[in-house]
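Q: Given the structure of chain A, go ahead and fit chain B onto it with the hints provided.
Residue numbers (our numbering), protein chains in the order written: chain A, 690 to 801; chain B, 36 to 146.
Calculated from the structure, these hints are not laboratory results.
Everything numeric in this text was worked out from a predicted model, so none of it was measured.
For glycine and all other residues, C-beta sits at the position ideal for the given N, C-alpha and C.
Just to be clear, a hint being listed does not mean it is correct.
List time: in silico DMTMM-like cross-link candidates among lysine to aspartate or glutamate, alpha-carbon distance up to 20 Å [said to hold, decoys possible]:
(1) A:K711 <-> A:D738
(2) A:K731 <-> B:E94
(3) A:K783 <-> B:E94
(4) A:K726 <-> A:E745
(5) A:K731 <-> B:E57
(6) A:K793 <-> A:D748
(7) B:K114 <-> B:E94
(8) A:K747 <-> A:E768
(9) A:K783 <-> B:E57
(10) A:K757 <-> A:E772
(11) A:K726 <-> A:D748
(12) A:K793 <-> A:D738
(13) A:K746 <-> B:D106
(14) A:K760 <-> A:E691
(15) A:K731 <-> B:D120
(16) A:K747 <-> A:D706
(17) A:K726 <-> A:D706
(18) A:K726 <-> B:E134
(19) A:K793 <-> B:E94
(20) A:K726 <-> A:E772
(21) A:K747 <-> B:E134
(22) A:K783 <-> A:D716
(23) A:K760 <-> A:E728
So these bits of chain A aren't anywhere near chain B, every CB distance computed over 10 Å [what the hints assert, rightly or not]:
(24) H696
(25) E704
(26) S707
(27) A718
(28) Q734
(29) L735
(30) E745
(31) Q749
(32) L789
(33) S798
(34) V799
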Amino acid sequence: GENVEQHPSTLSVQEGDSAVIKCTYSDSASNYFPWYKQELGKGPQLIIDIRSNVGEKKDQRIAVTLNKTAKHFSLHITETQPEDSAVYFCAASKGGNTPLVFGKGTRLSVIA
Amino acid sequence: SQTIHQWPATLVQPVGSPLSLECTVEGTSNPNLYWYRQAAGRGLQLLFYSVGIGQISSEVPQNLSASRPQDRQFILSSKKLLLSDSGFYLCAWARRRGEQYFGPGTRLTVT
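Chain B with its partners taken away, still in its complex shape:
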C-alpha cells in the first residue's frame, strides 16, 4: 500500500529564517506531487505541483519554492519566512487516473 510522510509535524520559526519541509511517498512510482497551504479555517490553496523529477509548476507567486530531487520526494523551501507564511502545509500525491491522497500536514507558525 501507499504511504505519504511529512515532517516535521509542527514548526515554529522566526520571521526571516529559512524553511525546508519534506514530503516522501512510499509504495508507488512516478506519482504527481503537490504542495498546498491552508490558512486557519480556510480552504486549500495549491502552491506547487510536479509531474516528474525536476518538473515544478508554480500556482501562486510568493517567496516559496519547491524542488523534486527524487521521484518520490518533494521539498518546499523558503529563504526568508514572512508572517503571512504561517499555515498548515499539506503534501499530496496522485495517480495519473486522478485519485489524490494527502499527507498528515505540517503546522508552521512564523513569529
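Just chain A, with the same shape it has in the complex:
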C-alpha cells in the first residue's frame, strides 16, 4: 500500500522567511496530494491540494509543487507570519473511495 514520508518533523523559521516541507510517496498510482494545517485543539484544515496532471499550484503565500517522476511533493510558505505556526500534514491517495494516507506531520514555528 501507499506510504507517505514527511520531513522535517519540526521546523523553526524567522518571521518573513520562507518555509518548505517535503513529502515522498511510494505508490505511483497516487494522483491527489492535499496539505492540511492543524492549529492546537482544532481539526485539520485543507489549505491547498494538487493533482497529478499539474506540476505547481499557488494560492497567495502558499504553493505546492509535485514531481511525479521522483514521487515527491512540497509545500512552500513565503513571507511567514506568526499565525502560520501550526502542524502541517501532507497526504496522498489514488482518488475515488481510496482513503488518504497521511504523513506524520511537521510542527512549524514562526518566530517573531
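A: The following block gives chain B in isolation, referenced to the frame of chain A:
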C-alpha cells in the same frame, strides 16, 4: 455550503464505560465518511471509513466500532473503554474527487 458537526466537544469517561460519538454532515449527499484518532502530539490514525449507508471498513482492530445509520451520520462506539482509547477523535467527510474536510474533533479522556 457544507458543514460537519461533532459532539460532544470534550468527554471524560471512566474505564469500562460505553462510548458514543456522533458526526453529521450538512450540505452534501452520499459523502465518504471517516473516523480518525490522534494521540497527543502525534499523527492521524484512520480508524474506520464508510462509502455508503451500512458500509463500514475497519482499518485497525480494536474495541471500537462504527456505524452509518443515515447517509450523513457516522457514529463511533465502544462497549467498554480502555485507558488507551484516550485521544482526539476526528470525523471527516470527502467528495468522490478526493477533497476531504475534517470536523472540529472530540477530546476524549478515559480515567
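Q: All hints, please: hold or fail.
A: Consistency of the hints with the structure:
Restraint check: the Cα-Cα separation between K711 of chain A and D738 of chain A comes to about 14 Å, which is no more than 20 Å; the hinted pair holds. As the CA atoms of K731 of chain A and E94 of chain B are separated by approximately 23 Å, the hinted pair breaks the 20 Å bound. For the given pair, K783 of chain A sits about 17 Å from E94 of chain B by alpha-carbon distance, which is consistent with the 20 Å threshold. Between K726 of chain A and E745 of chain A the CA atoms are separated by roughly 19 Å; this keeps the pair inside 20 Å, and the hint holds.
Pair hint K731 of chain A plus E57 of chain B holds up; C-alpha atoms about 17 Å apart against a cutoff of 20 Å. Simply put, K793 of chain A and D748 of chain A have alpha-carbon atoms about 24 Å apart, too far for the 20 Å limit, and the pair is violated. A threshold of 20 Å between alpha carbons decides the hint, and for K114 of chain B with E94 of chain B the separation of about 19 Å falls inside it, so the pair holds. Straight-line distance between C-alpha atoms of K747 of chain A and E768 of chain A comes to about 14 Å, which keeps the hinted pair within the 20 Å bound.
In summary, the hint linking K783 of chain A to E57 of chain B is not supported, as the alpha carbons are separated by about 28 Å, beyond the 20 Å threshold. Using a Cα cut-off of 20 Å, the hinted pair K757 of chain A and E772 of chain A is violated, with the two alpha carbons roughly 31 Å apart. In summary, the hint linking K726 of chain A to D748 of chain A is supported, as the alpha carbons are separated by about 14 Å, within the 20 Å threshold. Between K793 of chain A and D738 of chain A the CA atoms are separated by roughly 17 Å; this keeps the pair inside 20 Å, and the hint holds.
Of the pairs offered as hints, the one joining K746 of chain A and D106 of chain B is violated, with about 33 Å between alpha carbons and a cut-off of 20 Å exceeded. Restraint check for K760 of chain A and E691 of chain A: the C-alpha separation of about 12 Å stays at or below 20 Å, so the hint holds. Annotation: proposed proximity of K731 of chain A to D120 of chain B holds, straight-line Cα distance about 19 Å (limit 20 Å). Proposed proximity of K747 of chain A and D706 of chain A is supported: the alpha carbons are some 17 Å apart, at most 20 Å.
Straight-line distance between C-alpha atoms of K726 of chain A and D706 of chain A comes to about 18 Å, which keeps the hinted pair within the 20 Å bound. A threshold of 20 Å between alpha carbons decides the hint, and for K726 of chain A with E134 of chain B the separation of about 14 Å falls inside it, so the pair holds. The hinted pair formed by K793 of chain A and E94 of chain B meets the criterion: a straight-line CA distance of about 17 Å does not exceed 20 Å. Taken as a hint, the K726 of chain A and E772 of chain A pair is honoured in the structure, with Cα atoms around 11 Å apart against an allowance of 20 Å.
With a C-alpha separation of about 17 Å, the suggested pair K747 of chain A and E134 of chain B falls inside the 20 Å cut-off, and the hint holds. In summary, the hint linking K783 of chain A to D716 of chain A is supported, as the alpha carbons are separated by about 9 Å, within the 20 Å threshold. This hinted pair does not check out: K760 of chain A and E728 of chain A have alpha carbons roughly 28 Å apart, beyond 20 Å. Interface exclusion of H696 of chain A from chain B stands, the closest Cβ pair being 14 Å apart, more than 10 Å.
Distance check on E704 of chain A: its Cβ is at least 24 Å (rounded) from any Cβ of chain B, clearing the 10 Å threshold; non-interface status holds. At roughly 24 Å, the least C-beta separation between S707 of chain A and chain B is larger than 10 Å, which holds for a residue marked as non-interface. Listed as outside the interface, A718 of chain A is consistent with that label: its C-beta sits roughly 13 Å from the nearest C-beta of chain B, beyond the 10 Å cut-off. Not every CB of chain B lies more than 10 Å from the CB of Q734 of chain A, the least distance being 7 Å, so the non-interface label is violated.
With 10 Å as the threshold on Cβ separation, the claim that L735 of chain A sits away from chain B is violated: the shortest Cβ distance comes to roughly 6 Å. Every beta carbon of chain B lies more than 10 Å from that of E745 of chain A, the smallest distance being close to 18 Å; the non-interface claim holds. Residue placement check: Q749 of chain A keeps its beta carbon more than 10 Å from all beta carbons of chain B (closest about 19 Å). Its beta-carbon lying about 6 Å from the closest one in chain B, L789 of chain A breaks the requirement of being farther than 10 Å from that chain.
The claim that S798 of chain A lies off the interface holds: its Cβ sits roughly 14 Å from the closest Cβ of chain B, which is beyond the 10 Å cut-off. In this structure V799 of chain A is separated from chain B by more than 10 Å, as the shortest Cβ-Cβ distance comes to about 19 Å.
Checked against the numbered hints above, the structure violates hints 2, 6, 9, 10, 13, 23, 28, 29 and 32; every other hint is satisfied.
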